[in-house]
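> For reference, the chains in residue letters:
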Amino acid sequence: MRRPHRLSAILLCALGGAACTGTILDPGQGGPGGGGPNAQAVSWLPARIRRLSNRELDNSVAALLGTTTKASAAFAPDTRQSGYTINAEQRVDGTLGDQIAAAADALATEAVTARLASLVPCDQAAASCPRTFVETFAARAFRRPVTAVEADALMTVFTTAHSGGTFADGVQAVISATLQSPSFLYTTELGREGATPDARGLVELAPHEVASALSYFVTGGPPDAALLDAAAKDELRTPAQRETQMRRLLATPAARVQIARFVKEWLGLDMIDHLDRTGGAASFSSLRPTFVAETDAFVEEVMFRGDASLAALLGADYTMANSTLGAYYGVAAGASTSDWARASLASTPRRGLLSQASFLSVYAAVDASSPVKRGVTILRRLLCQDIPFPSGEVAMKAMMVPPKDAAKTTRERFTIHSTDPACAGCHSRIDPIGFAFEEFDQMGKYRVTENGVTVDSTGSLVGTDVDGAFRDAGELAGRLASSEQVRRCFARNALRFSTAQTSSSLEEAFLASWQALPATTQSNLIEVLVAYAKSDLFVNRKVN
Amino acid sequence: MSRKQTTESKPTLAARRSFLKWVGAAAATLPFYKMLEDSVAHAAGGTLPLKFVGVGAFHCTSQLYYARRAGETDTSYDISYADCALKPFDDAATYGSSFKNNLTIFEGFDYGVGEIGPDGGALHVPMHGALGIFLTGSSATGGNGTEWNLQNESLDQFLATRYGGDTKFRSVEMCTEIDFAGLSSAWCISYASGGRPLARLTKPTEIWDKFFASLVVPDDPAARAAAERRRMIGGSVLDFVTGDLQRLNARLAGTEKQKLDQHLTVIRGLEKRLADLGTTGPACVAPTRHAESGNPNPADNYVVSNGPNGGEPYFNKLADFQIELLAQILICDLTRFATIVLPGTAGPGTTPAMTNVLDGTGQELAATGTDRLIPNNFHDSIAHKSGSATVDVQRAVATMNRWYFGKVARLMQRLKDASLLDSTVILVGNEGGHGAGHSTMNVPILLCGGANGALKLGRRVVAPGRTAQVGDAPTGAARTSHNPILAAVANAFGANVSSYGTCADARMTAAVSGLV
Numbered sequence: 000m001r002r003p004h005r006l007s008a009i010l011l012c013a014l015g016g017a018a019c020t021g022t023i024l025d026p027g028q029g030g031p032g033g034g035g036p037n038a039q040a041v042s043w044l045p046a047r048i049r050r051l052s053n054r055e056l057d058n059s060v061a062a063l064l065g066t067t068t069k070a071s072a073a074f075a076p077d078t079r080q081s082g083y084t085i086n087a088e089q090r091v092d093g094t095l096g097d098q099i100a101a102a103a104d105a106l107a108t109e110a111v112t113a114r115l116a117s118l119v120p121c122d123q124a125a126a127s128c129p130r131t132f133v134e135t136f137a138a139r140a141f142r143r144p145v146t147a148v149e150a151d152a153l154m155t156v157f158t159t160a161h162s163g164g165t166f167a168d169g170v171q172a173v174i175s176a177t178l179q180s181p182s183f184l185y186t187t188e189l190g191r192e193g194a195t196p197d198a199r200g201l202v203e204l205a206p207h208e209v210a211s212a213l214s215y216f217v218t219g220g221p222p223d224a225a226l227l228d229a230a231a232k233d234e235l236r237t238p239a240q241r242e243t244q245m246r247r248l249l250a251t252p253a254a255r256v257q258i259a260r261f262v263k264e265w266l267g268l269d270m271i272d273h274l275d276r277t278g279g280a281a282s283f284s285s286l287r288p289t290f291v292a293e294t295d296a297f298v299e300e301v302m303f304r305g306d307a308s309l310a311a312l313l314g315a316d317y318t319m320a321n322s323t324l325g326a327y328y329g330v331a332a333g334a335s336t337s338d339w340a341r342a343s344l345a346s347t348p349r350r351g352l353l354s355q356a357s358f359l360s361v362y363a364a365v366d367a368s369s370p371v372k373r374g375v376t377i378l379r380r381l382l383c384q385d386i387p388f389p390s391g392e393v394a395m396k397a398m399m400v401p402p403k404d405a406a407k408t409t410r411e412r413f414t415i416h417s418t419d420p421a422c423a424g425c426h427s428r429i430d431p432i433g434f435a436f437e438e439f440d441q442m443g444k445y446r447v448t449e450n451g452v453t454v455d456s457t458g459s460l461v462g463t464d465v466d467g468a469f470r471d472a473g474e475l476a477g478r479l480a481s482s483e484q485v486r487r488c489f490a491r492n493a494l495r496f497s498t499a500q501t502s503s504s505l506e507e508a509f510l511a512s513w514q515a516l517p518a519t520t521q522s523n524l525i526e527v528l529v530a531y532a533k534s535d536l537f538v539n540r541k542v543n
Numbered sequence: 000m001s002r003k004q005t006t007e008s009k010p011t012l013a014a015r016r017s018f019l020k021w022v023g024a025a026a027a028t029l030p031f032y033k034m035l036e037d038s039v040a041h042a043a044g045g046t047l048p049l050k051f052v053g054v055g056a057f058h059c060t061s062q063l064y065y066a067r068r069a070g071e072t073d074t075s076y077d078i079s080y081a082d083c084a085l086k087p088f089d090d091a092a093t094y095g096s097s098f099k100n101n102l103t104i105f106e107g108f109d110y111g112v113g114e115i116g117p118d119g120g121a122l123h124v125p126m127h128g129a130l131g132i133f134l135t136g137s138s139a140t141g142g143n144g145t146e147w148n149l150q151n152e153s154l155d156q157f158l159a160t161r162y163g164g165d166t167k168f169r170s171v172e173m174c175t176e177i178d179f180a181g182l183s184s185a186w187c188i189s190y191a192s193g194g195r196p197l198a199r200l201t202k203p204t205e206i207w208d209k210f211f212a213s214l215v216v217p218d219d220p221a222a223r224a225a226a227e228r229r230r231m232i233g234g235s236v237l238d239f240v241t242g243d244l245q246r247l248n249a250r251l252a253g254t255e256k257q258k259l260d261q262h263l264t265v266i267r268g269l270e271k272r273l274a275d276l277g278t279t280g281p282a283c284v285a286p287t288r289h290a291e292s293g294n295p296n297p298a299d300n301y302v303v304s305n306g307p308n309g310g311e312p313y314f315n316k317l318a319d320f321q322i323e324l325l326a327q328i329l330i331c332d333l334t335r336f337a338t339i340v341l342p343g344t345a346g347p348g349t350t351p352a353m354t355n356v357l358d359g360t361g362q363e364l365a366a367t368g369t370d371r372l373i374p375n376n377f378h379d380s381i382a383h384k385s386g387s388a389t390v391d392v393q394r395a396v397a398t399m400n401r402w403y404f405g406k407v408a409r410l411m412q413r414l415k416d417a418s419l420l421d422s423t424v425i426l427v428g429n430e431g432g433h434g435a436g437h438s439t440m441n442v443p444i445l446l447c448g449g450a451n452g453a454l455k456l457g458r459r460v461v462a463p464g465r466t467a468q469v470g471d472a473p474t475g476a477a478r479t480s481h482n483p484i485l486a487a488v489a490n491a492f493g494a495n496v497s498s499y500g501t502c503a504d505a506r507m508t509a510a511v512s513g514l515v
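Listed in order, the protein sequences are those of chains A and B. Note that the first sequence covers residues 0 to 543 in numbering that gives the first Met the number 0. Note that the second sequence covers residues 0 to 515 in numbering that gives the first Met the number 0.
No wet-lab data here; the hints were simulated from the structure. It cannot be assumed that every hint is accurate.
Said to hold, decoys possible - Calculated lysine-lysine pairs in the DSS-like style (CA-CA distance at most 30 angstroms, straight line): (1) K403/A / K372/A; (2) K415/B / K202/B; (3) K232/A / K541/A; (4) K316/B / K256/B; (5) K407/A / K372/A; (6) K415/B / K99/B; (7) K69/A / K455/B; (8) K444/A / K232/A; (9) K256/B / K541/A; (10) K415/B / K455/B; (11) K202/B / K69/A; (12) K415/B / K533/A; (13) K415/B / K256/B; (14) K316/B / K69/A; (15) K403/A / K444/A.
Said to hold, decoys possible - Residues of chain B clear of chain A, computed beta-carbon distances all greater than 10 angstroms: (16) D82; (17) G144; (18) A298; (19) H437; (20) G475; (21) A505.
From a predicted model like this one, the values you see are computed outputs, not experimental measurements. For glycine and all other residues, C-beta sits at the position ideal for the given N, C-alpha and C.
So that you can see chain A by itself, here it is in the shape it has in the complex (with noise of 0.2 angstroms):
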């Protein structure tokens, strides 16, 4: 069997001397004590188990039940880990247990007044359907063979329910008690029960634990039923096999909402849903759906008919858009508002993501644009550079956001934080990504001028790979497409969706293995995450 390529550990460095001092995530910059050989440090994931993040839990509850009910609607929110709702973190707490259970109990009767009829496969007047009815909705609901013990313990409930009351009340008291199962709502990544660790340390994932790591994986839902077929035939085991399975999942629809949510949740931006501009010609919340529809539409064209690269996503210069989005960015577009289609952006000073509407009006202040913001967010979530925020006596003056002046742009607003030594260490890394953004307002909106003075959208790029002077948002994005640091920040990012985990071991030893990919490869998202499904790393998990 291969294994992942292994390379030396390499050490993390901190920036040298700068008043800003942060760390570089990326110990491909070399520097002081850089490369220094470390013992080989092989990285993998420990055995866990997972709980299901809401929206796979809405998912995994549609498929078992047939339901249209979202039902996580009145659940707390995740716990995110580096912005990522998926994460191993996530936990039941008393708020969170209280809500499943009526949402089990809720769900439960929907579904017996329903659709009980699809749910129960055999004549409820035979003595065999009770038991036949709990071990295929345990083996479905559960994503595994259910054992002899765990269908006795349901038979226990069914029967409690049915006496007294009907076929009906044991079929819905069964579905309440698999809906809080652990066994529902977590995953497993444990290995077969029983099963020792190699010589490594290391156990193999399950047949049926593969088949939902791939599901979940790709398409946020539970394993359908090729996938649960293939892993009792134990077709699961090669990486061949599971490439198979992974380019079928990849071309459902349920693929393209997984991998734009990686996206969003990579750049916050589905924050927006949560948040208030004004200043615009229209609302923010009319215009919202717009630009939340038009991340989503280039997101799918870029990975599913283009070539699902970093390159693109940030650099494109088309972006998707109606008749709506097309007045608004001025660019010729689709004819109607349900008519998304490719819109030219050569003509405008738009670039890929981080000039669309959704990225600009995130990261913003209610009623003005924010460099800041903008430019922290670009040198975290891109470049991943840690910007630390402004503590003790630097604070104490930092935070105070310059009073609006009529006769100012932003910019000018924002002086101080270039010609204040206190300020400059770290402001001369963010604000001149930030000033390239300033022909959008909070709103995404193109502006020529600001207050009645010409914006000044020029600046210089400091710390990075691609160092050097831009003129607009459009020729920094087409930079930061090309510069190494930032497609492997992506790369991080990308197996930190992927793993569930954040963790700098796993993804040194990951971009490692990453930089080993063809070119082609190692540019394309799709292929990346394919190569994660045929690698070690993704069945092989340590256990202590």
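Start from chain A and add chain B according to the hints.
Same frame as chain A, now just chain B:
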């Protein structure tokens, strides 16, 4: 049956023991036993089981109106003047009595643990991620922006684990805003072991249904039989869930096991409530259930939504409803450990309390439930300018403080009326100390209520190493720690700890004897 000790007086404990002996162990399992026992104990010794309420607030404070004024001392000061941030605690006209003697004002305490990383090096948790430090006293192991990974359970959970087993609910976590950003150290004050943020109840109807619905016992036999049948089936369902949890948990170790241990505790809580016929304190009355719409008074209608700014323009109404529910939950002895996070913002659109008043800069002013008009866009135009020497800015910050503290005073009023204030420790915290500076130094922390005499109230306490100033934050030590406050509260409950929280520098988490 074993009972967790909660620093009850000797006469009270003796009364409990003899009462138990008198009724016999079997009777001790009866639902109303506890209610009777409490009455007997109360009559004999005059102390009730201790309760803890943690309150999270935002926007820091204005030292001009928080610190002492000229000529004042730790024990002699006025907090009743109109602009004082702390005025609600000495406002008998509004809250029924003065709580000045039930209040300890902490000055000069920083979130010092938020400056040290797991290896002892510098790791700064900025203000917007620091609310989680309030009750955990924990350093972060990493994070960025507003999400920081904390390491231990919060004080309310620490206490609930040890002393919360006697009530129907181990603890309650409430929040007046929808968590659109997710559970993180920016928004949560309550954490399970391992520093995992706990979800909060945000809807008044959900809170009412969870705590009070079962207290309403149906009259007709058919409804009662149906309820009994539901209980029986529910018990069977939970039996299965417990079995499934135990089977899976048997395969786990370490932090993985912690996940299901926590889940098991949750299910055990559900089972217990199912079996319990509903014990309550003697003064228990179910409060009004306010649905979102259709209330007899239309002004009580509200919307709980993920909308911009988390529920504006209803945040004042929602806070009032949740404070009322919290008071009744405590009065009914449904739990003794609670946290509530009050709204974090005062954004635009505060109908129906909008005014046409503008301030000198053309800023629209709004009455958002505060006792003074403050700018509509409080966050941008005041909180981010609170370093300004302009008195009006400082007054606006203090006005916001009074809004938060007024909710606490209202809770204290309700508890005092039910004779529970002296046995309820309320700890009020904040995300930071200086809004514009985004600083976690000099965090405004208040201790209110009482711990059956185990804590000294009615004074100002300055952090060790700092010297109080007039109208300004205390000066002195470069960095202090608020953890001794947490340890002091834990010890008031009888926990006997020498530290609280997690930090590579043990000095940051150490208790300080005699602090409060």
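> Run through the hints listed earlier and report the numbers of any the structure violates, in increasing order.
4, 7, 8, 12, 13, 17, 19
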